[in-house]
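J.: Residues per chain, in single letters:
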Amino acid sequence: MTPAPAAPLLQVNDLSIRYGKGVPLVEQLNFTVRRGETVGLVGESGCGKSLTALAVMGLLAENLRTSSGSIELEGTNLTALGQNALRGYRGNRMAMIFQEPLTALNPVMTVGAQVVEVLRAHRRMGRAEAERRAIELLEQVRIPDAAERFHDYPHRLSGGMRQRVVIAIAIACNPALLIADEPTTALDVTVQAQILQLLKSLQRDADLGLLLITHDLGVVRQVADRIVVMYAGSVVEEGAVDAVLDNPQHPYTAGLLAARPHGSFSAQGHRLADIRGAVPPPESRPGGCLFEPRCAHAQADCKAARPPRSAAGQDRSVRCYHPVGKPN
Amino acid sequence: MTPVLQTNDLKVHHKTPRGMLRAVDGVSIEVAPGETLGLVGESGCGKSTLARCIVGISRPTEGSLALGGVVQQGRRAERFDRARAVQMVFQDPSGSLNPRLSVGRIIEEPLMVHRIGSRMERRKRVEEIAGQVGLAPYHLARYPHELSGGQRQRVSIARALTLEPGLLVCDEAVSALDVSVQAQVLNLFLDLQQRLGLAYLFISHDLAVVRYIAHRIAVMYLGRIVEVGPAEAVWSRRNHPYTRALVDAIPDEMTRQDQANLLEGDVPSPVNPPSGCAFRTRCPHARARCAEDVPLLRDRGGGLLVACHFAEEIEAGHEAADRAPVALRVVSGGT
Amino acid sequence: MPRYVLRRLSQAVLVMLLVVIGSFFLVKMAPGDLVDVLAGNSDMTADQMASLRVRYGLDQPVLVQLFIYMSRLVMLDFGYSPLNAAPVLDVIMGRWPVTAILVVSSVVISMTVGTVLGVISARNAGNPIDLSISILMLVLYATPSFVIAICFILFFSVFLGAMPIAGFATVGTQATGFAYAWDVVKHLAMPVAALCTFYVAIYGRIGRASMLEVLKLDYVRTARAKGLPERRVIYVHALRNALLPLVTMAGLQVSALVGGAVLIETIFGLPGMGRTAFDAVFERDTNLLLGVLFISSLSVVVVNFVIDLLYMALDPRVELA
Amino acid sequence: MTVGSQSLIVRLLRHPSGLVGLLLIALAVGMALGAGFFFPAGPWTMAGPPRLWPGQNAAFLLGTDSLGRDLAAGLFHGSRVSLAVGASAAVVSILIGTVVGSLSGYYGGWLDDVLMRLTDAMQTIPSFLSAIAIVGIVGPSLPTIIFAIAIVSWPMIARLVRAEFLRLRTYDFVQSCRIIGMSDMRIIFTQILPNCLAPIIVASSVLVATAIIVEASLSFLGLGDPNAMSWGTILGNGRAALRTAWYMTAIPATALVLTVLALNLVGDALNDVLNPRLKERS
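Chains as they are written, first to last, in my numbering: chain A, 1 to 328; chain B, 329 to 663; chain C, 664 to 984; chain D, 985 to 1266.
Because the hints were derived from the structure by calculation, they are not lab data.
Quick look at which bits of chain B chain D covers, simulated, 3 or more residues with Cβ under 8 angstroms:
1) 379-387
2) 407-416
3) 425-434
Ranges of calculated distance between the beta carbons of each label pair, as one might list FRET restraints:
4) D:Leu-1051 with C:Leu-680: 41 to 51 angstroms
5) C:Thr-911 with B:Glu-640: 51 to 61 angstroms
6) A:Asp-242 with D:Arg-1153: 43 to 53 angstroms
7) C:Ala-976 with D:Asp-1097: 24 to 34 angstroms
8) B:Ser-503 with D:Arg-1153: 16 to 26 angstroms
9) B:Ala-619 with A:Pro-144: 12 to 22 angstroms
10) C:Leu-680 with D:Arg-1153: 23 to 33 angstroms
11) C:Arg-894 with A:Glu-283: 32 to 42 angstroms
12) A:Arg-124 with C:Arg-894: 14 to 24 angstroms
13) C:Leu-672 with D:Leu-1095: 18 to 28 angstroms
14) C:Val-727 with D:Pro-1038: 52 to 62 angstroms
15) A:Arg-276 with D:Arg-1153: 35 to 45 angstroms
16) A:Asp-246 with B:Glu-640: 33 to 43 angstroms
For clarity, every value in this text was computed on a predicted model and none was experimentally measured. C-beta: ideal position from N, C-alpha, C; glycine also.
Given these sequences and hints, build the entire structure.
T.: What follows is the structure, encoded as structure tokens:
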């Protein structure tokens, strides 16, 4: 593991996101992404991980807003910037890959034009030069016959190929931060492996900061350096991937790991350790620890107040009054 | 014992503007009472078409299909008997329940269609089944949109159980659920199997899920079964290169692994499949013979059937690779 | 692509066949036939009428008559119009251009104006500009074209005396070239405007809804994530996709406009197809009515076919259908 | 959607355009119901001096026409005919359209092909032209007019219903009904149709509005039922005196426009209230 540089690439401080004036969907979120580092942001549906990504990009829907906290990219507070200034960052210093490659591309524009467009928006490039560069980019994301695919419309390409195009658009202007929101969830497992490998190598080559959002702990283990586990709009545990997954401290992280199907029931006769109940919707989140109603280790004090973020070893924190697992 | 499901060289072909789509192209499978057969494959491999054919939504183009020993003729009059032999649980917990009906009514509907019991008797039965799948009586008055994804899937299961079928076809039944809820539903499936002696045809793209729940696993690629056998044998012996690629592609959350055996490209179109072995275009072991002869399922011992000309070689090579020190494995990519 | 074109073409032929058969039987429902109409205008003996019936094949069974009618159609023979004392084809050819000018200019104007208003409305969704455009749309949408036409006549012709009240051009005009064209424009301005208003409202409403719908889609978010200027996001990424339902609408509109032209041509005394149809109905001139129905349907089918080709050019996905 | 009809009305009343629309419609319906009470002599009686301008004579608030018939009586009685024609034509075309659309969308295949070509053909013949042809040939009477309007309007409903069926047919709950052995007719009527009521209801308000306009247009051209006084009849009568007595045209035209506007407002409100996608977001 490389030693941490002084200023992080992305620093999210106490971020809350609200729907209008209603209850917060995401509350008091803290995490950092350093240069050249892959951070896995993990959680189940409705935990606010995608909202967080959109908030960083400044792409939240109009009825949603960041109500407190800051998002700093390379030392600039993005929440203080207007849409015009943000536009200079988007696609340039930070870029994003979405979950659905089928709908992420404009159906009536050729894939080439969609790559060229981002180059010309942020770089002073002539048409011919941008086209040359776009074909290079398509080659870089390993699209076969890139020069021919350049003229194809998205519907001609398979899901995996379309996701490669989306990645080519994202890396076109050499961003410092790349956010990938469930980039492989819609893909088959063999294609997922190809895309993950591509992301990994791109990240390594360009020293990118990669924020990988996923529900799949396996993906995080394979790709990420650090992990941030979210539950019901809040970070419950974070730290180095191997440390967290080998020895989870928060009962939710431990529960997620145990719930994942492993082995064979007919051979070993073991039942999966499920987590009872379901994630509460934002308006009915408990007042105490968010996980308390579903937690097997809950005690009386868990109901009283949200547990604070407490350090649990080097570069590691957990929000729990009664952490499980071995102390570090 | 008579198998609850037996298909013999079943084919389902559809006409498309670009030619004949061979969604299912000669599948022979068997499910014994109380057994779980897991069916895995990537999107477009024909697993859902096969499921729809088994439950009677679409008709086979060729081949035969027997439920509980009764060969299905595809007549409309069969539909009541078929409904009592096989039911289905779907993937999407929001689309599989009629939004305008209460949960109680949704579960009761099969009994109403089959004119079973009086109103009171049906209501009692609904409550009983709801209890079995872990729904409380107050849930019965709710509407689908008032329930969570996991609860909706329980409603689907309850509805499928009212006619007491011997076989449940589960098409990606846990794929749309979050991991913590997925585990609840998987446990429920196991409980119900033990209590009711149900057989499952458990279809999923997720090999880890199938391995956990199934007694036997069948691997499907472009409309055909390429490997079938006892779950652990399929998982650990991986005689077919496709099975091997599937297993290798699963990101393991327990350990970091090197992904040495990545498949190239995408699944070819089932409208125009490659000659010979359909997998050869992506297979690292493909040779000239693969383009000519269609490999048939061969017995590899221990109940494992594999459709690959070079299964012996691959199994041997696979063992050698597992024995080799990790440092020697080539890490591909990373240019 | 040729495959798709071929399929659309065969569908179009089938539709025309249904139109021919349908309109033939509709006309057959009328009490009395062509000979009765002719006889009504002159003194004819029963013998003369019977021989005329034989001559026009009206003594044959209905299905045979249909077959004769259809085989004549193939030769572009629509028969004779007693009302105009001329072959139906000649009558229609003389009047077709008036309706065509009326309909084409209405489509172009209403589509342009409607789309622009719809896009402006969508971009300002929720604010006073959107609200006032929406209210205007509602009023235009609710006002029948003939009411608008009457209002125009009252205001521009009767009250202001600025516009000619009726006709295609000034009666007995000797003007040629540009002067004649300007005369025609002045005469057609009110009819076209009256015919447009309803469709301006339709395009405006659909355009607004379609634009708002498209702006929510993933690829628009991708475009924003690229850091493109908002103008480019709206006009390059969203607009072209939002236009697709409007193009489909244009196909339906052409048919409705030809129908609407009946009222407008009657009110403004224009010698067009709609007026002709109306007269044919009143005078029970069945050959002429069948001819008008056929030619106007044929025009609609042709225009729709062209619109489909246009749609194909706009949406590369269609080739898959 | 578990909402009963009562709370639907309540929700419509909370919607600004719904409120205005419902009030205007209530007014029109009130006129139709009260016509016999307020004007027992009927609309045809030549009650006063001809060509009275509105306000000229307190007994004839809205004036009289060229034959001295009370315009107010015509307006009240005319609302009966206009609304009745609008509503019944809408009902008939919804029935035809729903049956064609359901069968076409549910079964697909050759049946869909046949029904859709038929629908295409119906939409190809300019609809107002065929309405004129039907009424002109069969003869102007209210049943013929209703039939003519219905016959040219059902294709729109058929397409709408077909599209909904195509969408809903793929839903797993429909497949599930087939798997439990439910008959096709039962699936169509108890499972799919109730789920596409919302767009049909929205379309029906527009349909009533269009039907009212078509009837008025026919009457305006002189193709109305000579024995029934509708708003279109008054409009047609006033046309000859347009230059000198434009109030004869303006009064029924205003009633017509307001009614159509009201129906469209209610349609918009229904769309907002019934649209599940909008509901999810709030």
